[in-house]
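Residue numbers (the numbering used here), protein chains in the order written: chain A, 1 to 270; chain B, 1 to 241.
Just so you know, the hints here were simulated from the structure itself, not pulled from any lab data. There's no promise every hint is true.
[To be verified] Estimated spans, in silico, between C-beta atoms of each pair:
| hint | chain 1 | residue 1 | chain 2 | residue 2 | range |
| --- | --- | --- | --- | --- | --- |
| 1 | B | I149 | A | G215 | 49 to 57 Å |
| 2 | B | V77 | A | P20 | 18 to 26 Å |
| 3 | A | P20 | B | L14 | 50 to 58 Å |
[Unchecked claim] Listing some non-contacts, in silico: residues in chain B with all C-beta distances to chain A over 10 Å:
| hint | residue |
| --- | --- |
| 4 | I63 |
| 5 | A128 |
| 6 | T169 |
| 7 | D182 |
| 8 | A198 |
Every residue, glycine too, gets a C-beta built ideally from N, C-alpha and C.
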Amino acid sequence: MELIVSSLKSIAQVAADVLPVAVFLFLFHTVVLRRRIPYLARTLVGFGFVVIGLGLFLLGLELGLFPLGRLMAQQLTGADLIDSSQLVVSWSDYYWVYVFAFAVGFGTTVAEPALLAVAIKANEASGGAIHVWGLRVAVALGVAVGVMLGCFRIVTGTPLHWYIIGGYLLVVVQTAFSPRLIIPLAYDSGGVATSTVTVPLVAALGLGLSEAVPGRNPVLDGFGLIAFACLFPIISVLGYAQLTELRQRRAARQARSELTETSIEKHPEE
Amino acid sequence: MFWRQTMGSVRDLLPIVLVIAVFQVFILQRPLAELFALAEGALLVVLGLTLFIYGLELALFPIGEALAYALARKGSVPWLVTFAFLLGFGTTIAEPALIAVSSEAANVASAAGSIADTDLARENYALALRLTVGCSVGVALVLGVGRIIMDWSLPKLIIAGYAIVVLITFAAPAEIIGIAYDSGAVTTSTVTVPLVTALGIGLASSLGDRNPMTDGFGLIAFASLMPIVFVMCFGMVVAWS
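Hey, can you work out the whole structure from these sequences and the hints?
Take a look at the structure:
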């Protein structure tokens, strides 16, 4: 009963949010383009689904994913995993936090359907040079390392902007040396990798961690994990593309040298 | 289609559940408190996400894409710019991940005492943050559309944008920086990306000699850059007032 009431409340709130978007689309379509909306009934039903779905989703986040992210952060920094007999707990004592961050980042990304679609497209566009699995693993490793490094930053309390600025500088340098085809794909991979389900969990993990680690402040340290999760896939995908190109070039050089060797062997009398 | 979408939502959530289950059973080795409430929440997430995306595909995406293509073909620059702004603004306001993150940001701000500890103050803060991000994505799309029409160089604009981000970072209050960087990543998600891509591709293909892939991408890149700048400015305004 309580659940039904809170569901209805959440749906009503979302309806107020989505209404302006719907009105704007309808107005633009009928007034500016002077066209009737095709399949009006279907469209209205669709908007109904959007509102109900978003309302239930946000309620589910509040009841499920947010508490879960915080709970994990609390338990992973709890007394039975961290040896609190020492006076100062060093950053390396939080290794279970890093393992968890890596696992969540990797697991959620490898299974992401949107990423699979992009990987297949990239495979076709590159004529098979970029492997579907290679790209998926590259993006997943990027997100995993990103979330892990983000947790390390929260534990140590070092300033976020140095990591992000450093990361973007690396991206700029890598961009200059990467095959042109992969660049748009790499820049998009971060956004593709972080799904609507992953973002709230990762955000809650960061906030929970900043509350649980002594000396950290959620206001200063709690945010930034999502930025890490979006930045590092760019680096890993560009790196993967560079590796692929290097390997191709080496293979081509090898093939060429073998070819000249055989041609020499074939005509030794000349 | 509905069934396929349900499986998609389950697949989104499954890795998280698996990783957490492994950690609970093998490493933490303790029963998860409030398991029932958590399962209830997970169920709502799957159900809600399914209905949401199903509804988007039924209603919002066809209209939005048709509009984007039609306006791009029509070639009226004022309408195109208006549409680009409203599209960026509207889709960002409805982005679920942004709603979630902005309400968390409001909770943190009120716990730290930078805003009053009331529901109203929190709601206002979260709404102001979302409106700021919405405006920023709107401006980003206007800039992106302008770039496609005028054929400005994308890498130069992006690098200039990040230079501005770096400069403002040193002027902005420390507590907004994390939220600002996160909001840049949050905006390019479920609702925004398909519609913005449609706008970019429609525009690039109606202009002829452009490459739809790189031009559509340029819009997304702006949409994740601009919120960082705007939210840091928002933080400065909140800190001053």
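A quick look at each hint next to the structure:
no. : hint                          : verdict
1   : I149(B) - G215(A): 49 to 57 Å : holds, 51 Å
2   : V77(B) - P20(A): 18 to 26 Å   : holds, 24 Å
3   : P20(A) - L14(B): 50 to 58 Å   : violated, 34 Å
4   : I63                           : violated, 5 Å
5   : A128                          : holds, 14 Å
6   : T169                          : violated, 5 Å
7   : D182                          : violated, 4 Å
8   : A198                          : holds, 13 Å
Hints 3, 4, 6, 7 from the earlier list are contradicted by this structure; the remaining hints agree with it.
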